[in-house]
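Peer 1: Just so you know, the sequences run in chain order A and B. Position in the first sequence (first residue = 1) + 11 = our numbering. Position in the second sequence (first residue = 1) + 11 = our numbering.
The set of hints was computed from the structure by calculation and includes no laboratory data.
Copies of one chain are not kept apart here, so a pair can be met inside one copy or by any two copies together.
The calculated DSBU-like cross-link candidates involving lysine-lysine, where the alpha carbons are at most 30 angstroms apart (straight line), are: (1) 143 with 65; (2) 42 with 167; (3) 137 with 42; (4) 164 with 344; (5) 322 with 137; (6) 194 with 322; (7) 164 with 28; (8) 262 with 287; (9) 143 with 167; (10) 43 with 65; (11) 137 with 43; (12) 28 with 162; (13) 143 with 28.
Protein chains: 2
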Amino acid sequence: MDSIKENIIEGSIVGKKPTISDVARLAGVSKKTVSRVINSEPNVGAKTLSKVKKVIEDLDYSPNPQARGLAFSRSFLLAMIYDNPNASFITDAMYGALGQCRPNGYELVVHPCDATQASLHDDIIKFIRRTKIDGVILLPPLSESNDLINKLKAIKCNYVRLVSVISDDVAHMVHFNDREAVKDIAEHLIALGHRDIGFIKGPDNSKSSAERHDVFRDALEQNGVHLGANQIVFGANTFQSGVDCAVQLLKSDNPPTAIFASNDEMAIGVMVTAQKMGIDIPSELTIIGFDDTPQASKVWPALTTVNLKVKEMGKLATLKLLALCNNNIGLAKTIKSELVPTLVRRETTAPPPILRG
Amino acid sequence: MDSIKENIIEGSIVGKKPTISDVARLAGVSKKTVSRVINSEPNVGAKTLSKVKKVIEDLDYSPNPQARGLAFSRSFLLAMIYDNPNASFITDAMYGALGQCRPNGYELVVHPCDATQASLHDDIIKFIRRTKIDGVILLPPLSESNDLINKLKAIKCNYVRLVSVISDDVAHMVHFNDREAVKDIAEHLIALGHRDIGFIKGPDNSKSSAERHDVFRDALEQNGVHLGANQIVFGANTFQSGVDCAVQLLKSDNPPTAIFASNDEMAIGVMVTAQKMGIDIPSELTIIGFDDTPQASKVWPALTTVNLKVKEMGKLATLKLLALCNNNIGLAKTIKSELVPTLVRRETTAPPPILRG
DNA sequence: CTGAAAGCGCTTACAG
DNA sequence: CTGAAAGCGCTTACAG
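Construct the complete structure from the given sequences, taking the supplied hints into account.
Peer 2: Below you can see the structure in the form of structure tokens.
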């Protein structure tokens with residue numbers, strides 16, 4: 012009969028990993044009992060429990076995830092699916108998610124995809140079917156597609172979406188409440204004394220673009236400032252579109268004294284353009300962005316913007332998703348699903364020239 | 012007996028996925044034959060082959076990866092392990108890797124880790140043993156640790172490292188040849204007429220820091236320019252350290268007319284600092300970075316820097332890793348393992364003031 | 001509280 | 001060129 016020692020050697024030096032049978036044999040119990048211990052099931056005697064745990068530790072045993080997956084009909088894999096957010100949004104969301112995956116025995120698979128592909132949604136469904144992923148986290152703007160959600164529901168795939176507009180049951184979404192942040196921006200600009208304000212809207216296919224626009228316009232209106240049609244320009248959330256929009260706004264007959272761009276990429280495009288035109292920031296032009304990407308604090312002057320708390324969102328989304336994977340919808344509903352982004356005041360805002368000495 | 016139709020309905024509407032047994036039954040062959048088709052093995056008759064393929068397509072069948080994994084003793088999972096590169100480096104490497112993973116039936120698991128943890132390397136080993144990952148891609152600076160590599164070898168884990176200094180067999184690394192790019196930078200500065208040049212070195216624990224330093228110093232020396240001790244300052248590859256280093260350099264008795272920072276983060280720190288001090292870029296100060304992060308082209312003036320071709324590196328690394336996973340070391344050696352980064356000339360370089368009108 | 005048998009969906013090793 | 005049997009390492013369903 013093998014001694015524990017021999018098995019340890021066999022297990023860790025020779026490289027052949029011990030199995031549940033090895034543990035069972037050495038602990039003098041059945042595989043089922045070891046299985047109970049692994050899965051923290053009840054009905055294991057205290058003595059048996061500690062004996063099995065000891066052997067597991069001695070052997071440095073960990074269950075084979077493929078075998079567990081096959082038996083459980085689960086993969087213990089979660090996927091993060093996204094089309095085109097910025098790099099730091101992705102990595103922040105990943106960090107937040109991973110912090111919850113690991114202690115729960117899940118791994119995170121990344122799945123970026125090409126939004127220009129017509130088969131985008133079907134490809135995602137194929138991916139999920141093929142890999143048997145237990146659940147997916149959807150990042151914006153992909154997360155805004157109800158077509159995709161319906162397809163996910165059709166295959167009964169667990170999902171949680173990160174969104175900026177409430178658009179699902181709380182069990183299935185984490186929502187960053189743009190509205191408050193956008194109002195803060197409007198009020199901040201008003202308080203500084205700005206009346207000629209330019210707005211760079213995001214792409215039309217995104218719900219958050221429309222919402223940021225509506226809320227910003229209404230908040231200004233409430234303060235007696237009207238956002239005219241010629242003060243609204245349309246960007247694509249890219250740096251280059253920020254440059255283009257800035258040119259439109261700043262070369263108009265009545266250039267604004269402040270510009271709110273719907274994301275940092277565009278805001279930085281505005282900054283660069285203004286600086287090239289010899290316009291000083293913030294004394295001659297106030298600029299506010301949205302996202303608080305790492306770059307926002309690494310431009311000069313440092314950009315005033317809105318922090319989305321993406322890592323926290325990734326964490327909450329994962330917590331919900333794990334609850335869903337365990338068929339605990341009640342728990343998923345309980346977990347916080349709204350985050351309030353905060354306005355980060357840095358150096359790109361000041362009163363308009365007219366109010367300065 | 013079930014008709015194909017019924018099975019299709021059962022398979023895709025009800026959600027119960029068809030198995031190899033369904034395919035075998037409907038095609039009138041054994042499971043082993045279906046298995047041969049799935050794995051593109053030889054010894055399948057043409058007629059049998061097309062019959063099986065037809066059924067697979069009709070059923071929209073895809074093999075269960077957990078079952079395959081269990082039988083093959085493989086997970087069909089690759090992991091990307093990293094500690095602290097910048098966000099775009101990570102996402103670029105992921106894109107490059109995924110392009111190769113998918114067509115080969117592999118998925119990519121992300122595994123960021125905390126370099127400040129003493130148990131870092133052992134945690135990685137545990138992660139690999141636990142998940143049964145088939146192979147790992149190591150990103151810098153983690154990829155430079157020989158201690159980690161030795162531990163990976165001990166558990167016979169396939170790996171490929173992305174490195175800036177040749178440090179392994181070509182089957183196990185993709186190497187970006189800094190030397191050439193650094194020489195290009197030195198020669199570019201010399202050609203512009205700079206003689207008082209500042210250098211911001213990266214952190215001491217990184218081999219590439221030392222190499223960039225040595226190569227830069229030697230290349231300048233060859234052109235008759237000496238890099239004095241007071242012209243070398245020590246950064247940490249962060250924006251803030253770039254700011255600090257810039258202050259040291261620019262407030263010295265003999266400030267340089269050009270600064271080469273070992274990465275873009277620091278270079279942008281230098282830019283911001285210079286601009287705050289009222290120093291014009293590039294007419295009064297030339298700046299060159301390294302990495303070509305997205306931000307480099309989104310600052311003003313746009314930063315001259317070196318593009319590392321990270322996505323391409325991710326692709327090549329994955330190709331090598333897949334070859335290793337198939338025990339084809341010969342193939343892994345064949346795949347290109349050196350990439351030459353290119354100097355991207357933008358707007359932050361110009362002749363020194365003394366040579367200008 | 002514990003365990004023997006059958007099964008998850010594939011593959012390997014073998015036979016013909 | 002094809003297939004029947006056994007096995008990968010777990011779990012479920014059941015029995016006691």
